[in-house]
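K.L.:
Please take these sequences and the hints and turn them into a complete structure.
Here is what each chain is made of, one letter per residue.
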Amino acid sequence: MSPTDDALLAVSGLRKSFGENEVLHSIDLEVRRGEVVVLIGPSGSGKTTVLRSLNGLETPDAGVVAFAHGPSVDFSQPVSKAERDSLRNRSAMVFQQHNLFPHRTVLENVIEGPVQVQRVRRADAVSQAEALLERVGLAEKRDAYPHELSGGQQQRVGIVRALALKPDLLLFDEPTSALDPELVGDVLGVMKGLADEGWTMVVVTHELSFARQVADEVLFMDGGVIVERGAPAQLFTAPTHERTRKFLDRILRPLD
Amino acid sequence: MDDRLQLLLDSFWPIVWGGITGTIPLALISFAIGIVIALVIALMRLSKNRVLSGIARVYISIIRGTPLLVQLFVIFYGLPTIGWVINPWPSAVIAFSLNVGGYAAEVIRAAILSVPKGQWEAGYTIGMSSTQTLRRIILPQAARVAVPPLSNTFISLVKDTSLASVILVTELFRVAQNIAAFSSEFLIVYMEAGLVYWLICLVLSSGQGRLEKRLDRYVAH
Ligand SMILES: Nc1ncnc2c1ncn2[C@@H]1O[C@H](COP(=O)(O)OP(=O)(O)OP(=O)(O)O)[C@@H](O)[C@H]1O
Ligand SMILES: [Mg+2]
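Residue numbers (UniProt numbering), protein chains in the order written: chain A, 1 to 256; chain B, 1 to 221.
If you are wondering where the hints come from, they were derived from the structure by calculation, not from laboratory data. Computed from a predicted model, the values in this text were never measured in an experiment. For every residue, glycine included, the Cβ atom is placed at its ideal position computed from N, Cα and C. Some hints could be false.
With a straight-line Cα cutoff of 25 Å, these simulated DSS-like cross-link-like pairs (lysine-lysine) come out [to be verified]: (1) B:Lys-213 <-> A:Lys-141; (2) B:Lys-213 <-> A:Lys-81; (3) A:Lys-141 <-> A:Lys-166; (4) A:Lys-81 <-> A:Lys-166; (5) B:Lys-48 <-> A:Lys-141; (6) A:Lys-192 <-> A:Lys-141; (7) A:Lys-166 <-> A:Lys-192; (8) B:Lys-117 <-> B:Lys-48.
Facing chain B, according to a computed beta carbon distance under 10 Å, are these residues of chain A, among others [claimed, not checked]: (9) Pro-102; (10) Glu-112; (11) Gln-116; (12) Arg-161; (13) Leu-171; (14) Gly-230.
To be clear about the criterion: a stretch of chain B counts as covered by chain A if any three or more of its residues have a C-beta under 8 Å from a C-beta of chain A, and this derived list gives those stretches [as the list claims (entries may be wrong)]: (15) 120-127; (16) 137-146.
P.N.:
Put into structure tokens, the structure is as follows:
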């Protein structure tokens, strides 16, 4: 399957097992340019594994991950490390635990990829990084070390580090679930801003209000399959599957 | 009494000089080479390739399971019997480097493993190769963990270089042995030699403390 006209990414038949445990059973999804796709689902349903597969951090057992204008990797064939890693030219990941480099300042974290990988001139990378940090309200933190920042600030630096690579696709794996509740808003605000600017994003999150406001499409995963997909208004108000309804109930009314 | 005091004073500088020209360069050179060996062995040991990790495992086991003195004798007295004559100094450097390589490999391996897996993935997601990630992201963080145990390895090495005296390398202890044999004042001279080793180790320990502080700069306390 190759991506349709305005599609950026097409994934089909993605499978992945860890030992005996098949955690993805034939995942299909398509992401169009400028679209925000939100992935929801219970713990262990395979959301992280899908994101990691898109970024070449996991090697699926079968299935195709195809970006418009390449690369297109068919995991049903033997895939070289270089082929798999080529997926990273198009996407960048924001991790739940941010994974900033603790021995590097904020600025050094952000310019590491552009300078070391993309061979951007250091001065250019620095001025671009400063502009991005300014955007997320962290201009004055450029010389701080990650441990000197709050969780919300760390995660915003994590986002800037990904943005600095100018990827076509941003992947977010529960970027706010490790944060204190009062810090969640800052990070979601930055993400909403990116969506408004036209960045293409796949976001795993339990923040349904974010999904409702920002997502173009919501996918509900359970047990390694995409059970249901649709526009947030439809999926949240009138889910067609019992499993989706149960999951939404549990999130919206955890005590009932 | 005065004679002994005089001997103590007269022998102090020759012994210290033996340390400066023998012990310290021997330890520094062997340690530098040993760390390179250790890094290679540690990476082999961590490699998914079974042959490489097997070789590394056996190497570490042999080095740690045999006395350093025996290793030194094999190289200096043993190898010439199959036609490899190696001078005292290079023999000592080879034996000490290989020895440090075995001990420090386990320290470096543990330090690399102590860096969270997420740091590798962060390196990968910004497009770095595994070599780049290792060099720029993992090793600097592993270094912080490895410095205290490696400093201890180095301090042990400084003391172990005294073994080189048995293959006739002129270092601190060999100088002391000569003075002792010449004057028959074994107690005084050997205690003096011990004192000089102790002074060297005190200086090294304070250097270790300062290095650790520097590396701790970016860590929350
Ligand atoms: N490296 C691994 N080795 C073995 N099993 C794994 C590995 N990574 C994930 N799994 C298993 O795969 C399944 C899916 O995991 P995944 O992390 O993708 O779920 P998730 O939907 O992201 O869950 P959560 O909401 O808890 O983050 C789980 O059963 C998990 O235990
Ligand atoms: Mg997850």
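K.L.:
Each hint: holds or not?
P.N.:
Now for the hints, and whether the structure bears them out:
1. B:Lys-213 <-> A:Lys-141: holds (23 Å)
2. B:Lys-213 <-> A:Lys-81: Roughly 39 Å separates the two Cα atoms, so the pair is violated.
3. A:Lys-141 <-> A:Lys-166: holds (21 Å)
4. A:Lys-81 <-> A:Lys-166: Satisfied, since the Cα-Cα distance of roughly 23 Å is no more than 25 Å.
5. B:Lys-48 <-> A:Lys-141: Between Lys-48 (chain B) and Lys-141 (chain A) the Cα gap is close to 40 Å, so the pair fails against 25 Å, i.e. violated.
6. A:Lys-192 <-> A:Lys-141: holds (22 Å)
7. A:Lys-166 <-> A:Lys-192: holds (17 Å)
8. B:Lys-117 <-> B:Lys-48: Holds, because 16 Å separates the two Cα atoms, which is no more than 25 Å.
9. Pro-102: holds (6 Å)
10. Glu-112: holds (6 Å)
11. Gln-116: It holds, given that the least Cβ distance between Gln-116 (chain A) and chain B is near 6 Å, below 10 Å.
12. Arg-161: Hint on Arg-161 (chain A): holds, closest Cβ of chain B at ~7 Å, below 10 Å.
13. Leu-171: holds (8 Å)
14. Gly-230: Status violated, d = 29 Å.
15. 120-127: holds (count 6)
16. 137-146: Three-residue rule met by the stretch 137-146 of chain B, so holds; n is 4.
Violated hints for the displayed structure, listed by number in ascending order: 2, 5, 14.
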